[in-house]
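Chain order of the listed sequences is A and B. For what it's worth, the numbering used here labels the leading residue of the first sequence as 1, then goes sequentially. For what it's worth, the numbering used here labels the leading residue of the second sequence as 1001, then goes sequentially.
Derived by calculation from the structure, the hints in this document are not laboratory data. Just so you know, not all the hints are guaranteed correct.
[What the hints assert, rightly or not] To give an idea of the chain B side of the interface with chain A (calculated C-beta under 10 Å), a few residues:
(1) N1027
(2) A1035
(3) L1042
(4) G1075
(5) M1076
(6) K1109
(7) S1110
(8) L1126
(9) S1131
(10) E1132
(11) F1155
Just so you know, even glycine gets a beta-carbon here, dropped at the ideal spot from N, CA and C.
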Amino acid sequence: MRFDPRLIQPDDAPLRNDGELDLPDDLAALAGQLADDAAHLSACYPADRNPQVALAAELADSAERLKRRAWRPSALAVGAGLASLAALVLTVSLSLRDSDPVDAQSVASPDSLATTVSPVAAETMSTSLPALAPTTLSLGELSGPEMEALFDLLQRDPQRTSSIAF
Amino acid sequence: MGLLDLDETARQHFARIHRAALVLCGNPWDADDLAQETFLVLSRQGSSFQGRSSLYTWLYGILLNLDRRQRRRFGMRRRKLRVLWDNQPADVGTTPGADAAAEVSEWKKSLWARVAKLPDGQRQALVLRFSEGLRYEEIAEVLECPLGTVKSRIFHGLAGLRRILEEEGEDARQLPAYPGEDLSHAV
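Just chain B, with the same shape it has in the complex (with noise of 0.2 Å):
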């Protein structure tokens, strides 16, 4: 892909790119990092694009791939950092560990905090669905599996939402709504 075809790409497509990675990740910075990877993957594998989808699916298809990279990592170094913590005294373990992820205070109260909770499958169907205002089809375009199932992990990814909050002892009704957005393409 060209030096001009990547930057008009950019320019279309980046800022739905970089919401569903801050909506993913939790911060901005993290989700800058995210979004340029995924146009980075772009640069070096844009002549395997065979236009068969449209371009903003497939880009979505290399996000949600780093997303999922990157978790493996975090949840790998957490596992190993918990290791060495759990070695420690007790009294020394007053500061949060490196491990502690770097999350901005509107994504921990919004639901997409809870909605990090659950199955990779769940989670990425509903971010493409509710962050991103993706059809079925695109969706199972995206997640390469059948209308179907992207249907079941949508209403199955909203259950468990749901019972996440009731363990948490909140109602959905209670959370703050920010009106005054068009979200109509969303429900």
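So here's chain A without its partners, still in its complex pose (with noise of 0.2 Å):
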């Protein structure tokens, strides 16, 4: 495309000497009827004489203020409840891991899996392992879903000996 050097405005507008500007005669109409529209609508649509700015910047103050107030109770109420939740989701999960004896077993000492055992005396350990201790779960604790999860195991273990009290 050819360079339209017609595209690009000049900055400077033409001045007079006194530093006015130097209008044509068209854009000075255009100037003039711009103020004229401008009175017309002001004669039109006059301002309030007595506008009550004073009262109406107390009323925006204090309906800030009172949105302010109303933010700070609901913001406590979020704040208790996460911090309820939190600690539900903590006792929960420190509720499963004491209920879990083979999560105990594993987690054993370093020094326990260092120690040395004799063949026969693994041999004994072996077939007495399978007799775990009893433990004992609160079902208030547990959610839904938990609760279900511990009747499927104990659906697919018949032989461990569980009982239910109230």
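Combine the two chains into a complex, taking the hints into account.
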């Protein structure tokens, strides 16, 4: 495309010697018309003579204060809710860890792993291993899915003695 | 700023701020809101006024900032509505959309409705010069730009306005004039 210098407007406006804009007649007429239109509009829709600006400012301030005050209790409630949820999650995870003997065994100390066992003793140990220590689990602390999982485990392993006490 | 000060300032300057807002918005309801909001900003940030310029030029600055923000918000809303509108079947759109601006007929007939199509800088310079009758130095203060830029924006704003009128196929001389009002300050 051929360069068209008319696309670029010169930055400087034409000025008279006294620094005023040197407007051509048509632009001066437009300027006069703009001033006329503004005066006409303002005559049609005059401003309030006694605007209650101070009162409006007071009202706006008090509305903002109320909004801030209304936010405070809800923020506290949300915080308390989050804290109780975190506590619940912590309690459930701790109780699950306590109730799982296999996990407790798997987290044995490195010292116990390092001890050497004689082959005879190991044989006797292996025969006595299935007898797991009885654990007590409070069903009240379990959530629905956790309880469902517990019943699944009990069904899968019917030999394990289980009893429910109220 | 104290309660009495604010009322006194409003009594002195509310009318001129309202007039500028009216020319910018095109309807008296939005103009009222915009002018009130300008003074609310003054009540909150009045302490930051250092007196290096006139109070009314400072108020014009607040007004123009609020207007610019409102236009941006309005433009975004209009674009979102346009997307929804374009997804509607064509025969549903018989009534004007919610984004249709509510301008009074006097404003629509006036040249200020055409000025609204100009870029922000030129539009603001024209409002401050020909509606408010501010001197070039004062306009430069409000718009925070050099004096030469103000003159350039006014000149190119008027030239742009002439171009818009030519495109619309009408002549500025055919527009209704309102004689009898003293407007010697403006030109």
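Against the structure, the hints come out as follows:
no., hint, in the structure
1, N1027, "8 Å, holds"
2, A1035, "7 Å, holds"
3, L1042, "8 Å, holds"
4, G1075, "23 Å, violated"
5, M1076, "24 Å, violated"
6, K1109, "8 Å, holds"
7, S1110, "4 Å, holds"
8, L1126, "6 Å, holds"
9, S1131, "4 Å, holds"
10, E1132, "8 Å, holds"
11, F1155, "3 Å, holds"
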